[in-house]
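Student: Just so you know, the sequences run in chain order E and H.
For what it's worth, my numbering labels the leading residue of the first sequence as 1, then goes sequentially.
For what it's worth, my numbering labels the leading residue of the second sequence as 1, then goes sequentially.
A portion of the hints provided could be inaccurate.
One copy or two, either will do: identical chains are not told apart, so a pair holds if it fits within one copy or between any two.
What the hints assert, rightly or not - Below, simulated DSSO-like cross-link-like pairs (lysine-lysine); rule was C-alpha separation at most 27 Å, straight line: (1) Lys173 - Lys124; (2) Lys95 - Lys173; (3) Lys124 - Lys27.
Honestly, the hints are just simulated from the structure, not real lab data.
From a predicted model like this one, the values you see are computed outputs, not experimental measurements.
Listed below, chain by chain, are the residues.
Number of protein chains: 2
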Amino acid sequence: MNEAVVLTPERILEVTEDVLRRFGLAKATVVDVARALDVSHGSVYRHFPSKASLREAVAKRWLDRISAPLTQIAKDSGPAPARLERWLRTLCTAKQKTVCEDPEMFATYLTLAREACAAVRAHKEGLIDQVVAIISDGVKQGVFDTSDVRASARAIFDATVRYHHPAHSEEWKDPELAARVDALLALLLRGIETPRRG
Amino acid sequence: MNEAVVLTPERILEVTEDVLRRFGLAKATVVDVARALDVSHGSVYRHFPSKASLREAVAKRWLDRISAPLTQIAKDSGPAPARLERWLRTLCTAKQKTVCEDPEMFATYLTLAREACAAVRAHKEGLIDQVVAIISDGVKQGVFDTSDVRASARAIFDATVRYHHPAHSEEWKDPELAARVDALLALLLRGIETPRRG
DNA sequence: TGACTGACAGATATTGAAATCTGTCATCGA
DNA sequence: TCGATGACAGATTTCAATATCTGTCAGTCA
Chain E
1 MNEAVVLTPE RILEVTEDVL RRFGLAKATV VDVARALDVS HGSVYRHFPS
51 KASLREAVAK RWLDRISAPL TQIAKDSGPA PARLERWLRT LCTAKQKTVC
101 EDPEMFATYL TLAREACAAV RAHKEGLIDQ VVAIISDGVK QGVFDTSDVR
151 ASARAIFDAT VRYHHPAHSE EWKDPELAAR VDALLALLLR GIETPRRG
Chain H
1 MNEAVVLTPE RILEVTEDVL RRFGLAKATV VDVARALDVS HGSVYRHFPS
51 KASLREAVAK RWLDRISAPL TQIAKDSGPA PARLERWLRT LCTAKQKTVC
101 EDPEMFATYL TLAREACAAV RAHKEGLIDQ VVAIISDGVK QGVFDTSDVR
151 ASARAIFDAT VRYHHPAHSE EWKDPELAAR VDALLALLLR GIETPRRG
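Produce the complete structure using the sequences and hints provided.
Tutor: So this is what it looks like as structure tokens:
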């Protein structure tokens, strides 16, 4: 039966993603996951208290994979405006790449995320914190001008929502997408940068 | 039968909205509409070629009701920045008011709009045109600074999407909503306004 | 002892037959 | 003549019986 490999939550999650990819969200059952792991479905319940919590964990893993490269940019040093722009572009491209390369899996993750709204909330809060970090740096560097860093961070995050929120993924096929993102980012950076004399 | 009132598309649409409100989107049938009008359902098909086209017409009516007050603001004269802000606030509040006062009907309109994507596209184009008009005025008045009026109009429309696109209506319950809209609009206006010396 | 199993009850999903609805059109009546 | 009607075929939805799944737990085995 069990091929001498220990059953860990991590291994269950990997196989679950596989099963979701093969069967689709609607058809994938806990029994399928257990079968793919070559254990009884009772064993899966030893690590996850419910199917919902298993789904939530898959959603969380996906959100964490999105966050990882962004955290790096937020921690970097260097001019804040370029970093803010790179951070926003990385966020948008990450989502747009998934939907483009694997639309079915994107739809699956989207549904899972909708169910795991607490995890999504935490994910968003984490992202806002990163924008706060970059903008704070910018204020220290004298290149950003704002009286409320957190409010500005949220405003910039909200303003770009159309290009990273899955609800708008249908509109990412637009051939003018890149130009529109450029225009939006330029506008936002102008809105937060310290006016240069001249 | 017919109470001496002529059967017009307009009257059908009014009654259809009524039927949708009473029965809900899923249950409302063409037969229900015909019954409410006291005619046979064949008569309804004399004015609308299909149920889909009837639904589309209801969606269009709703979108037009949203547009109407905005068109007025776009046509007004006066300082462009204040007008742009008022236009955006009116757009956001119109949507937020519907979802707050009649969430079921809002959900109905939302589904109808999703089906009538051509009508929605035209609606959006019309709205962008209005923003273009306001920004053009601003450029003439010397208060707005942009090299591409249409790109700026789209950027501003996109940037506020979170506060007027129905996909985000769940997030409009946030008690800090007003403050967040204020911060966003301030940022956007700063981004497009001609820098003042000082 | 402690991870795993598999039988079980209740919840959920599937299925196919029956009912209803959509869209058409020959016919009616003003 | 021309809008309205209502019977009809095919598409869609409903509903209830049936099958499958979720989550539990007493019992097994290393």
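Student: None of the hints should be skipped; say for each whether it holds.
Tutor: So, going through the hints one by one against the coordinates:
When the C-alpha separation of lysine 173 and lysine 124 is checked against a cutoff of 27 Å, the pair qualifies both within a copy, at 24 Å, and between copies, at 17 Å. Within a single copy, lysine 95 and lysine 173 get their C-alpha atoms as close as 12 Å, and across copies as close as 26 Å, so both meet the 27 Å cut-off. For a Cα distance limit of 27 Å, the shortest separation of lysine 124 from lysine 27 qualifies neither inside one copy, at 29 Å, nor across copies, at 37 Å.
Of the numbered hints listed earlier, the single one contradicted by the structure is hint 3.
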